[in-house]
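In order, the protein sequences belong to chains A, B, C, D, E and F. Under our numbering, residues 1 to 205 are what the first sequence spells out, in order. Under our numbering, residues 1 to 205 are what the second sequence spells out, in order. Under our numbering, residues 1 to 205 are what the third sequence spells out, in order. Under our numbering, residues 1 to 205 are what the fourth sequence spells out, in order. Under our numbering, residues 1 to 205 are what the fifth sequence spells out, in order. Under our numbering, residues 1 to 205 are what the sixth sequence spells out, in order.
Think of the hints as simulated: they come from the structure by calculation, not from any bench. Take these hints with a grain of salt, some might be off.
[Unchecked claim] Here are the computed lysine-lysine pairs in the DSS-like style, where the Cα-Cα straight-line distance is at most 27 Å:
hint : chain 1 : residue 1 : chain 2 : residue 2
1    : E       : Lys-170   : A       : Lys-33
2    : B       : Lys-33    : D       : Lys-85
3    : D       : Lys-33    : D       : Lys-85
4    : F       : Lys-33    : A       : Lys-33
5    : C       : Lys-170   : A       : Lys-33
6    : C       : Lys-33    : A       : Lys-33
7    : D       : Lys-167   : A       : Lys-33
8    : E       : Lys-170   : B       : Lys-167
9    : F       : Lys-85    : E       : Lys-33
10   : A       : Lys-85    : C       : Lys-33
11   : A       : Lys-33    : A       : Lys-85
12   : F       : Lys-85    : D       : Lys-85
13   : D       : Lys-33    : F       : Lys-167
14   : C       : Lys-85    : A       : Lys-85
15   : B       : Lys-85    : E       : Lys-170
16   : B       : Lys-85    : A       : Lys-33
17   : F       : Lys-174   : D       : Lys-33
18   : D       : Lys-33    : E       : Lys-33
19   : E       : Lys-170   : E       : Lys-85
20   : C       : Lys-33    : C       : Lys-85
21   : F       : Lys-85    : F       : Lys-33
22   : C       : Lys-33    : F       : Lys-33
23   : D       : Lys-85    : F       : Lys-167
24   : D       : Lys-33    : C       : Lys-33
25   : E       : Lys-85    : B       : Lys-33
26   : E       : Lys-33    : C       : Lys-33
27   : B       : Lys-33    : F       : Lys-167
28   : A       : Lys-33    : A       : Lys-167
29   : E       : Lys-33    : B       : Lys-33
30   : C       : Lys-33    : B       : Lys-33
31   : C       : Lys-167   : C       : Lys-33
[Claimed, not checked] Reference listing, derived: stretches of chain C covered by chain A, where coverage requires no fewer than 3 residues with Cβ under 8 Å from a Cβ of chain A:
hint : stretch
32   : 23-35
33   : 57-67
34   : 157-166
Don't be surprised by glycine CBs; every beta carbon is placed ideally from N, CA and C.
Protein chains: 6
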Amino acid sequence: MTESEFRAMVRVSHEAGHLKHSKRTGWWIAGIKDPESIAEHSWRTAVIGYLLAHAEGADPERTVTICVFHDLQEARTGDIPSVGKSYLAATPAADVARDQVQDLPAAVARGILELAGLAGGRSTAEAACAKDADKLECLLQAREYQRQGHQDVQPWIDSMVSAVRTKTGKAFAKAALEADPGEWWREMATSYGRVLAGLPAAGGS
Amino acid sequence: MTESEFRAMVRVSHEAGHLKHSKRTGWWIAGIKDPESIAEHSWRTAVIGYLLAHAEGADPERTVTICVFHDLQEARTGDIPSVGKSYLAATPAADVARDQVQDLPAAVARGILELAGLAGGRSTAEAACAKDADKLECLLQAREYQRQGHQDVQPWIDSMVSAVRTKTGKAFAKAALEADPGEWWREMATSYGRVLAGLPAAGGS
Amino acid sequence: MTESEFRAMVRVSHEAGHLKHSKRTGWWIAGIKDPESIAEHSWRTAVIGYLLAHAEGADPERTVTICVFHDLQEARTGDIPSVGKSYLAATPAADVARDQVQDLPAAVARGILELAGLAGGRSTAEAACAKDADKLECLLQAREYQRQGHQDVQPWIDSMVSAVRTKTGKAFAKAALEADPGEWWREMATSYGRVLAGLPAAGGS
Amino acid sequence: MTESEFRAMVRVSHEAGHLKHSKRTGWWIAGIKDPESIAEHSWRTAVIGYLLAHAEGADPERTVTICVFHDLQEARTGDIPSVGKSYLAATPAADVARDQVQDLPAAVARGILELAGLAGGRSTAEAACAKDADKLECLLQAREYQRQGHQDVQPWIDSMVSAVRTKTGKAFAKAALEADPGEWWREMATSYGRVLAGLPAAGGS
Amino acid sequence: MTESEFRAMVRVSHEAGHLKHSKRTGWWIAGIKDPESIAEHSWRTAVIGYLLAHAEGADPERTVTICVFHDLQEARTGDIPSVGKSYLAATPAADVARDQVQDLPAAVARGILELAGLAGGRSTAEAACAKDADKLECLLQAREYQRQGHQDVQPWIDSMVSAVRTKTGKAFAKAALEADPGEWWREMATSYGRVLAGLPAAGGS
Amino acid sequence: MTESEFRAMVRVSHEAGHLKHSKRTGWWIAGIKDPESIAEHSWRTAVIGYLLAHAEGADPERTVTICVFHDLQEARTGDIPSVGKSYLAATPAADVARDQVQDLPAAVARGILELAGLAGGRSTAEAACAKDADKLECLLQAREYQRQGHQDVQPWIDSMVSAVRTKTGKAFAKAALEADPGEWWREMATSYGRVLAGLPAAGGS
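Start from the sequences, fold in the hints, and give me the full structure.
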């Protein structure tokens, strides 16, 4: 690998860094002034993709990798929310990605382009899981924004539920609609109250 | 897969969502008031891990997956910066992860625990790439904070450079130290100036 | 005026409110994590337009009005920064505006569309001043970001200077390049120091 | 126009830039931690003023211009919220403006002072529209904060409704109280859901 | 006092400054993205401690001082929220404080260590008031977050109420549960509405 | 103590909570978009006051208490920065405080009013230390903003140095001008680098 190729790797990594700043701008419309970044969304999408792939019998690590790269082209186009879809024509993601990876070592560039191509559809079990993970991440986020008080996110929830396609994704969405987003910490927070009060923990003797 | 298992998947995904809020608190020490989240860091770590793995001859998708999950336990422990290391003893990451995944389907839980175990060291080529990607992400971020004016991040740069271990990681770090973080957009911004000015693009006839 | 027309006026005003959330996303590329909104940019553009119009012999109030509305269509398309220009094709601003104003009273709709048409070029003295004010606002902002420590905004400064067209705009740009952005408050802050110190104000007896 | 006058124009424009940082601090009292800036408020006030003026038979462009400058003096005094009114005596806005414009070309200075004088009352149809636009902007903002979950903004809504004076302003306020702040994007968001789901748009065949 | 001791005082003060950046991270779990800092919490704790001490017959100034220093060690350990308590073992606060004050003049160091020791329990009336003030500050904050729309803070309220120990603290907690957090400004805001409307103030003739 | 008095204590504590939202607005002028709150400033002022009082032979706990309450009246007046001083006349702090404490138990109210009176000048050794602590806190903050890249804070540094009056305060200011704000964590960060690199700590065998 040449020095020039390492420089290209660093350059692409700095470009990826731009997605740490780039907000998921669709939430602005819903009144969320400081929404999460595309990087944050992409990360949890990968986590969910991993779970879905296991359940769906797809390759989890391939699914995770598709998820990680599924919005990379947005470093150049930005996140285009629903309102913008009618007014903006974006270069296909794979074409944008081609520009982004052009100086990378050939094998890496080929790999990322293949991932970009997969992310565009549901052509493989892994791509289908990644696509659903993308929607489910948004669904969970909408549910979390609701708990913060935001009252305009229901259309996002409805859209995302209706966009899920795999059997596993649908079961996940159903569970998400019934879940309490704070369930994971509720028990820990409750036991903390007992600690503060100097009471024995539940079940303690 | 049972309903209860889907509920557990949703619960873990909401827990992962907590890392979208959780800041990389070490940067507060360096005077960065609103630093990036652990989720953002984890995401770019995965991107860099992909690049390193290709160059190092490791499995890129496995590396990406280790990177995605490498800080999952911080949803429970928080990010412990250098200053805190002397004062806090944290439960081993793999033990925290065991609590986090306990209600997931057995195969998924096993998978995540295996990833957590790998992330703790450099026992495989993939783990070694993930470890270096973790450090290199921090290095690039420090360089970017420098460009924003922050004058106290040099110790982070030095620490990260000295912590990298793979041959590829070292070459990447060297390139990073010489790179201009804004190189990826410089040409696009410059051509924009020509567009604004109504001048032909460079090389145009 | 009908109730339905008042409802449309309220609807358009809420849509305009979206520009209070919408960030000037180009600054993210320059490493500015929390840049100003399109509304903020539009407001100071109007102030500058007023100054230029006086100097250029254009109608100040017409110029101000063009400036106020010059980015209204971005409520639907978002702000497309330089990097995105190569990858996104946007519906012409006047066409977007047509959708935005369709339910307004006819005279108001016609007025806003005329303003949108003017904002697209330099067809009148007022439009030319508004166009330059748009660039000069960005130039001043870049200078202010520099004072905050940001080291990557020079390309914005260069672009904006080269994009200005009126004689007055060029003189303003020249003055801006030589000005200290903090000059307006420097004297007041200095006299405050004397007050704190219990010293007589400069020139006092 | 002299170089010194251009320098003064730049200086005033940087001073105006301070209103991009200056928050509408009254909202802090209502529990809104990161409220909009005075610049953002002033901008939407101008948009609303344009709509009102058309409906009220006032000169729209003059109204817009009054709105743009109506809080300029707050660059020096800050925004004084209701709680502070009992405890602070502010120099009259026109007197503050006199200091702000003193080095501008005479005609510009005169123009801004005239605008400042008008903004203080309802002496002309345009001033009356601008005054009402100021209140209505705050009313719409309060409604938007309610949709974000804030439960303490009703006093702002009541105050603003009761402060509106023109016939048109009253009709606008009535429509605002009945409106759904998200109406403008609801249809676009809904159709997006259909796109995601791969269904034909409503009315399609 | 030596120069070296003054240097140490400055160093400790800069370390304290770190608590202006350090967020009360437990609120992230409750979905509060940008919660208050440890410094802000400590300050209001001191105000509440002053009130409690008067009511409880403790020394108010000593209580205030315990409150001010009660979280100083978190400059090194960070704020460890309920979820983390099961996974992290922290060095005792007094031991951390010993490192923090080691270069201070002996009397100052001794004083701060004594305060740190007191803050750990309820060994004196002042310490008991400070401990309760710490919990009550969190209780009031939770109530304020509720008014901002947050729907997941009830466990914090319950925990804090149950953790209060002094008679005065319990009466304060009871009053807090019944209070409207906005009561202090309600009358001022209402009279402002009358001012805006040009009506005489209540009771005016 | 009556229920009504506890309600008043809660009301005052919520009012104090407003200072957790209220920014030190003077920093906006220096280009600091998101400066610290008055609560944060007050807290570190108290810490510094404690250090100064020890050195100056004043009562440390009384000094701390003066510092904690020294800006309480700003919950009603806001922070008035240097630029505003020429244009705003504020009700004397002690008079504002009288309104704030009017429903508190008489002894508490008397205590707070006495503190407010002291905070206005240098009438006792404790008041003089508190006054200097107020200035020195601002000085340290300015130094910290400089390290974050801000280039317009020197006038704040100069003002604060010149406003300090006690012998101890002057020595502290001198030390502050020579200090590196990051000195307190430098060694810890450096040793962290060695840990990451797997090297023995300095001085280890």
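Hints versus structure:
1. Lys-170(E) - Lys-33(A): violated, 38 Å
2. Lys-33(B) - Lys-85(D): violated, 33 Å
3. Lys-33(D) - Lys-85(D): holds, 21 Å
4. Lys-33(F) - Lys-33(A): This hinted pair holds, its Cα atoms lying about 16 Å apart.
5. Lys-170(C) - Lys-33(A): violated, 36 Å
6. Lys-33(C) - Lys-33(A): Given that 27 Å is the threshold and the Cα spacing comes to 14 Å, the pair holds.
7. Lys-167(D) - Lys-33(A): violated, 33 Å
8. Lys-170(E) - Lys-167(B): violated, 63 Å
9. Lys-85(F) - Lys-33(E): Measuring from Cα to Cα gives roughly 35 Å; hence the hint is violated.
10. Lys-85(A) - Lys-33(C): holds, 25 Å
11. Lys-33(A) - Lys-85(A): Holds, because 21 Å separates the two Cα atoms, which is no more than 27 Å.
12. Lys-85(F) - Lys-85(D): Holds: Lys-85(F) and Lys-85(D) sit about 16 Å apart, inside 27 Å.
13. Lys-33(D) - Lys-167(F): violated, 39 Å
14. Lys-85(C) - Lys-85(A): holds, 16 Å
15. Lys-85(B) - Lys-170(E): Not satisfied, since the Cα-Cα distance of roughly 37 Å exceeds 27 Å.
16. Lys-85(B) - Lys-33(A): The hint is violated at about 35 Å.
17. Lys-174(F) - Lys-33(D): violated, 36 Å
18. Lys-33(D) - Lys-33(E): holds, 11 Å
19. Lys-170(E) - Lys-85(E): holds, 25 Å
20. Lys-33(C) - Lys-85(C): Status holds; Cα separation ~21 Å.
21. Lys-85(F) - Lys-33(F): Roughly 21 Å between the alpha carbons, so the hint for Lys-85(F) and Lys-33(F) holds.
22. Lys-33(C) - Lys-33(F): Holds: Lys-33(C) and Lys-33(F) sit about 11 Å apart, inside 27 Å.
23. Lys-85(D) - Lys-167(F): Cα-Cα ~39 Å, so violated.
24. Lys-33(D) - Lys-33(C): Roughly 18 Å between the alpha carbons, so the hint for Lys-33(D) and Lys-33(C) holds.
25. Lys-85(E) - Lys-33(B): holds, 25 Å
26. Lys-33(E) - Lys-33(C): holds, 16 Å
27. Lys-33(B) - Lys-167(F): At roughly 33 Å apart (the allowed maximum being 27 Å), Lys-167(F) and Lys-33(B) break the hint.
28. Lys-33(A) - Lys-167(A): Since the Cα atoms of Lys-33(A) and Lys-167(A) sit roughly 34 Å apart, the hinted pair is violated (cutoff 27 Å).
29. Lys-33(E) - Lys-33(B): holds, 14 Å
30. Lys-33(C) - Lys-33(B): Satisfied, since the Cα-Cα distance of roughly 11 Å is no more than 27 Å.
31. Lys-167(C) - Lys-33(C): Not OK: Lys-167(C) and Lys-33(C) at ~34 Å, beyond 27 Å, violated.
32. 23-35: holds (count 6)
33. 57-67: It is violated: at least three residues are needed, and the stretch 57-67 of chain C offers just 0 whose Cβ sits closer than 8 Å to chain A.
34. 157-166: As far as the stretch 157-166 of chain C goes, the hint is violated, because 0 residues have Cβ atoms under 8 Å from chain A.
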